[in-house]
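Asker: Each chain, written out:
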Amino acid sequence: QKEVEQDPGPLSVPEGAIVSLNCTYSNSAFQYFMWYRQYSRKGPELLMYTYSSGNKEDGRFTAQVDKSSKYISLFIRDSQPSDSATYLCGSEGGGSNYKLTFGKGTLLTVNP
Amino acid sequence: DSGVTQTPKHLITATGQRVTLRCSPRSGDLSVYWYQQSLDQGLQFLIQYYNGEERAKGNILERFSAQQFPDLHSELNLSSLELGDSALYFCASSDGQGARKTQYFGPGTRLLVL
Numbered sequence: 002q003k004e005v006e007q008d009p010g011p012l013s014v015p016e017g018a019i020v021s022l023n024c025t026y027s028n029s030a031f032q033y034f035m036w037y038r039q040y041s042r043k044g045p046e047l048l049m050y051t052y053s054s055g056n057k058e059d060g061r062f063t064a065q066v067d068k069s070s071k072y073i074s075l076f077i078r079d080s081q082p083s084d085s086a087t088y089l090c091g092s093e094g095g096g097s098n099y100k101l102t103f104g105k106g107t108l109l110t111v112n113p
Numbered sequence: 010d011s012g013v014t015q016t017p018k019h020l021i022t023a024t025g026q027r028v029t030l031r032c033s034p035r036s037g038d039l040s041v042y043w044y045q046q047s048l049d050q051g052l053q054f055l056i057q058y059y060n061g062e063e064r065a066k067g068n069i070l071e072r073f074s075a076q077q078f079p080d081l082h083s084e085l086n087l088s089s090l091e092l093g094d095s096a097l098y099f100c101a102s103s104d105g106q107g108a109r110k111t112q113y114f115g116p117g118t119r120l121l122v123l
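So the sequences go chain by chain: A and B.
2 is the number of the first residue of the first sequence in the numbering used here; add one for each residue after it.
10 is the number of the first residue of the second sequence in the numbering used here; add one for each residue after it.
Since the hints were derived computationally from the structure, they do not count as laboratory data.
A few of these clues could be false.
[Stated by the list, open to error] Simulated restraints, written as ranges between beta carbons of each label pair: (1) 71/B - 11/A: 34 to 42 Å; (2) 69/A - 19/B: 39 to 47 Å; (3) 56/A - 93/B: 34 to 42 Å; (4) 17/A - 79/B: 49 to 57 Å; (5) 67/A - 123/B: 42 to 50 Å; (6) 95/B - 23/A: 28 to 36 Å; (7) 26/B - 53/A: 39 to 47 Å; (8) 83/A - 27/B: 34 to 42 Å; (9) 8/A - 93/B: 21 to 29 Å; (10) 40/A - 49/B: 20 to 28 Å; (11) 10/A - 78/B: 20 to 28 Å.
[Stated by the list, open to error] Restricting the straight-line Cα-Cα distance to at most 35 Å, the calculated cross-link-like pairs of lysine-lysine (DSBU-like) are: (12) 57/A - 66/B; (13) 3/A - 18/B; (14) 57/A - 110/B.
Virtual Cβ for every residue (Gly too), placed ideally from N, Cα, C.
Turn these sequences into a full structure, and let the hints guide you.
Answerer: So this is what it looks like as structure tokens:
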């Protein structure tokens, strides 16, 4: 079992829809959680990260972590065609463990 | 543009060969990370260097090695290449260590082993 599991999709939604992307993880030592966005033929770019459980909001994006259920979520409100990309969830152990572990990514297409 | 540069962009080689991938981090960034991305395994962390020293190791094969030079650029050496090594190799850099420091990814090197 991979330490971070993510449904690869693909996920196709109409413009303006609310998108929910989800991951689960198995390592209780993970403390930092992040979402990266990767456009086709580009490197990943950090969208947001959260520490421990809770929500974090940045514009149309909300990241949510529930450590009790080991569940990571990213919500995109009012989705736009420019949001079409692969979204990668990731985790880091914190402390002196700098290893990042990623899910396989979910391919999202937002149709105009 | 993230400010991280990687060369070459594409590389085609044969099994058994050795290649070197190069990464120049963003100006001022001391940490360099190497990742491998394939369809079946996703994005996998290989190794991290901080100011010339190895700091973290992931699922890096013994046939692979890396180093960070005094000018902070880094090289990833892949030897005795196998078909399964075909993948996208990304370099990322940050001004510190860990997820609390944003990692900026380069455009990647696409390696095809025939």
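Asker: Are there hints from earlier that the structure breaks, and if so, what are their numbers?
Answerer: 11
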